[in-house]
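Colleague: Here's the letter readout for the chains.
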Amino acid sequence: MMKTVSVKDVVSQVEGNIVSDMDGEKVMLSIQNGKYYNLGDIGGEIWDGMKEPIAIQQLIATLISQYDVDESVCEEQVMSFINLLYAEGLITLIDELAS
Amino acid sequence: MKKEWNRPILEVLDI
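Protein chains in written order, with my numbering: chain A, 30 to 128; chain B, -13 to 1.
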């Protein structure tokens, strides 16, 4: 059974995706599974933030500083999005920080 | 000025 990603995890993009910006939205072709994805505008920003390994907590903190959104709402929605990326095999978990 | 937030999506395109 696949693990659920938590805010304490460190994540990074999986290599081998072709990414393009289309009218402000990010569209991606996964070479691994042959699927096309639309990440939207904010999804694209989150994706860009994961080029290098990053703690999800840090990613959320950056988004909160840039966007007009409550921390709890941002965390819930970003975690849902990141778990979808993980389920599709588009990101990998680097580490899990000690609690 | 903070930007407007929208729920991030992951849409699988059927091509």
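Accuracy of the hints is not assured; some may be wrong.
To be verified - Below, simulated DSSO-like cross-link-like pairs (lysine-lysine); rule was C-alpha separation at most 27 angstroms, straight line:
{"id": "1", "chain 1": "A", "residue 1": "37", "chain 2": "B", "residue 2": "-11"}
{"id": "2", "chain 1": "A", "residue 1": "37", "chain 2": "B", "residue 2": "-12"}
{"id": "3", "chain 1": "A", "residue 1": "80", "chain 2": "B", "residue 2": "-11"}
{"id": "4", "chain 1": "A", "residue 1": "32", "chain 2": "B", "residue 2": "-11"}
{"id": "5", "chain 1": "B", "residue 1": "-12", "chain 2": "A", "residue 2": "55"}
{"id": "6", "chain 1": "A", "residue 1": "80", "chain 2": "A", "residue 2": "32"}
{"id": "7", "chain 1": "A", "residue 1": "55", "chain 2": "A", "residue 2": "37"}
{"id": "8", "chain 1": "B", "residue 1": "-12", "chain 2": "A", "residue 2": "64"}
Just so you know, these hints were derived from the structure itself, not from any lab.
Colleague: So, for every hint listed, does it hold in this structure?
Modeller: Evaluation of the provided hints:
no., hint, verdict
1, A:37 - B:-11, "26 angstroms, holds"
2, A:37 - B:-12, "26 angstroms, holds"
3, A:80 - B:-11, "22 angstroms, holds"
4, A:32 - B:-11, "32 angstroms, violated"
5, B:-12 - A:55, "21 angstroms, holds"
6, A:80 - A:32, "21 angstroms, holds"
7, A:55 - A:37, "26 angstroms, holds"
8, B:-12 - A:64, "33 angstroms, violated"
Of the numbered hints stated above, those contradicted by the structure are hints 4 and 8, listed in ascending order.
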